[in-house]
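Protein chains: 2
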Amino acid sequence: MESIDREPGRRPTIRPDERVTMSHGGGGRATAELIRRIFAPHFANPLLEQGHDVARLERPEGRIVVSTDGHVISPLFFPGGDIGSLAVHGTLNDVAMGGARPIALTAGFVIEEGFALADLERIAASMGAAARRAGVPIATGDTKVVERGKGDGVFITTTGIGVVPDGVEIGPDRLAAGQAVLLSGTLGDHGVAILSQRQGLEFGTTIRSDSAALHRMVADMVAAAPGLALLRDPTRGGLSATLNELVEGTRLGIAIDEAAIPVRGEVASACELLGLDPLHIANEGKLVCICDARDAEPLLAVMRRHPEGREAVRIGSVTAEQPGFVRMTTAIGGTRIVDWLSGEQLPRIC
Amino acid sequence: MESIDREPGRRPTIRPDERVTMSHGGGGRATAELIRRIFAPHFANPLLEQGHDVARLERPEGRIVVSTDGHVISPLFFPGGDIGSLAVHGTLNDVAMGGARPIALTAGFVIEEGFALADLERIAASMGAAARRAGVPIATGDTKVVERGKGDGVFITTTGIGVVPDGVEIGPDRLAAGQAVLLSGTLGDHGVAILSQRQGLEFGTTIRSDSAALHRMVADMVAAAPGLALLRDPTRGGLSATLNELVEGTRLGIAIDEAAIPVRGEVASACELLGLDPLHIANEGKLVCICDARDAEPLLAVMRRHPEGREAVRIGSVTAEQPGFVRMTTAIGGTRIVDWLSGEQLPRIC
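If you're matching them up, the sequences are chains Z and S in order. Heads up: the first sequence begins at 1 in full-length UniProt numbering, then just goes up one per residue. Heads up: the second sequence begins at 1 in full-length UniProt numbering, then just goes up one per residue.
Among these hints, one or two may not hold up.
[Said to hold, decoys possible] Heads up, simulated SDA-like pairs for lysine to any residue below, C-alpha to C-alpha not over 25 Å straight-line:
1) K150(S) x A320(Z)
2) K150(Z) x T21(S)
3) K150(Z) x L346(S)
4) K150(S) x G135(Z)
5) K150(S) x G149(Z)
6) K150(S) x G114(Z)
7) K150(S) x R19(Z)
8) K150(S) x D220(Z)
9) K150(Z) x P60(S)
10) K150(S) x F77(Z)
11) K150(S) x Q199(Z)
12) K150(S) x V168(Z)
13) K150(S) x Q197(Z)
14) K150(Z) x Q199(S)
15) K150(Z) x R251(Z)
16) K150(S) x A118(Z)
17) K150(Z) x E112(S)
18) K150(S) x R122(S)
19) K150(S) x P298(Z)
20) K150(Z) x L201(Z)
21) K150(S) x E147(Z)
22) K150(S) x D17(Z)
23) K150(Z) x P172(Z)
24) K150(S) x E112(Z)
25) K150(S) x P262(Z)
26) K150(Z) x P75(Z)
27) K150(Z) x G200(S)
28) K150(S) x E311(Z)
29) K150(S) x A268(Z)
30) K150(Z) x R122(S)
Hints were generated in silico from the structure; no laboratory data involved.
Next comes chain Z alone, as it looks inside the complex:
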């Protein structure tokens, strides 16, 4: 958020009583004014300044990938981030999981009438700062307003465009028995942070979301092991949904080791208290990497050089046994099937 203050001369003054009105979504002068006051100062970049509905990007050297993600998180502000930074990180990560270098983001806002303009500016500032830190411009956007009671503050749908370097072929069809399963860090931080905030729970220390952009770490991983098989970010549904999706209906299974999976002490305590399983909880700054076993240690070394991967570990292997299932050696030495939940534990977690 410090970057709000980097351009003090351009910072517009928003009065605390100013609210979003239906006319801010009308596409006329009021919309232009909202963009000029709230979005333009924080998103400033040459693409956006083209001032079209459509933004022109660089001519890409490689294959183009695209990913889109709606963000409806509640509450909008939480320890470790807000809907704005989350929307940037989440979509950058989806693009990065395709092995791609993100080159641009778009942002579509659906805002509820009556939403405080100061809160919208806080979100825009956080989005702009996240995009600048990531080195990826918000190239174009859109603003709609719905009547009070027909939305919930603000929803943000971000789309990311990326370029996949030649030679990188990542995808679930690349999975094979014997490959290693790596995890970039602790599980459950995002989900537990949101739940604590939502329910006003205290666990001694404030649990912060792990919301972070992973594309720089991914770029180094892809450079170190261009043949890596698969990258996934365990968001909604957590690690269990991510791993189950990969093997369901295939002739492969995944075996993981509970003792190897890092979970912060306070997150584990919160999960125990609330009856939640960290394997099912959404993360917003973690990735799972599946690679040849011989690439595991070199990739872990690369990951650990990045703050987002400092606690990276190998948690298991792809197997030919028990195809279609994820099984886990538990901390006490037994084995259990890691289930894929049919619903969700935490609604509106992202």
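Given chain Z, work out where chain S should sit, using these hints.
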């Protein structure tokens, strides 16, 4: 909509009492099931079937453009379309206005808990049909669910990716005095159709939205006159907002001729009754083209060969006089300034 029936074997059966639940947005099995039953059959295309969060596109031959648009229209279904076809057409048109050939769409859904699954399928079918007719795949998507009373049925944010052929340089910086202003057809159809539907008004005949994809017509226009200066679709704010945006703060003005601007009789009657001005009303299947005066007739001939441009006409010129303003010679021979409304006449029109 006829294309729903093109793949009868793949059509899932949705019971009339089935409703969207919070778990459909959880990212687990229920989300996967919703996608399998509702979206996959209607959006079917090789990109979507890659089954990633991220879709890989062709290697583009040209510069990439991107555009995004949220759709919050109310009501969801209206004469001439629904939110699904509108979301496809609207974003294809934004991409086309950059002079680009659209190559892929993404779709992010924010659905209200309790929304009828059958209505969601109707929307998915209409989106899928619109995308197939346009020849542009829905490459990837996202589904979120919010609690009852925190949304309004469904909001759809679509993003379009396009490729601009080399040699095409379209943009407001290309405007110059003496250029012609062309309009592809009648004004006001979309806005008046929505308003009539919303308010249960009858005007003798049903007024239908003009919602349509314009990219094929644009491709022919760009091929015929690669040097055309600018394309814009007069959506929210109508023709008046579109033209005012172009000249505001510049050293150019625009002069248009009211008698040349086509408005359907029933739309004109409705506007008169409701105290609306067709110049301010949103259109969803029209474009404004600004080009060298000598290209005007050849471009009109190209436009008139397409159903979307059958009523294309020249409505005015870019001028050096009265810079920053749009002025109109009225049907009775006077002159008036065409204002840019500060709010909007019709909320949630797109």
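Pair hint K150(S) and P262(Z), alpha-carbon separation not exceeding 25 Å: violated, 36 Å
Sort out whether L346(S) lies within 25 Å of K150(Z), counting only the CA atoms. The hint holds at about 16 Å.
Does the structure keep K150(Z) and Q199(S) at a Cα separation of 25 Å or less? holds, 18 Å
K150(S) and F77(Z) were given as a pair; does the straight-line alpha-carbon distance stay at or below 25 Å? holds, 17 Å
Check the hint pairing K150(Z) with P172(Z) against an upper bound of 25 Å on the C-alpha distance. violated, 39 Å
Pair hint outcome, K150(S) versus E112(Z) [Cα-Cα no greater than 25 Å]: Holds, because 9 Å separates the two Cα atoms, which is no more than 25 Å.
Can the restraint linking K150(Z) and E112(S) be considered satisfied, given a maximum Cα separation of 25 Å? holds, 9 Å
Does the structure keep K150(Z) and T21(S) at a Cα separation of 25 Å or less? Holds, because 17 Å separates the two Cα atoms, which is no more than 25 Å.
Is the hinted pair K150(S) and Q199(Z) satisfied, with a Cα-Cα distance of at most 25 Å? holds, 18 Å
For the pair supplied as a hint, K150(S) and A268(Z), confirm whether the alpha-carbon distance does not exceed 25 Å. Violated, at about 31 Å.
Under the criterion that the straight-line Cα-Cα distance not exceed 25 Å, is the pair K150(S), A118(Z) satisfied? holds, 21 Å
Between K150(Z) and L201(Z), is the straight-line Cα distance small enough, at 25 Å or below? violated, 29 Å
Hints 1, 4, 8, 9, 12, 15, 19, 20, 23, 25, 28, 29 from the earlier list are contradicted by this structure; the remaining hints agree with it.
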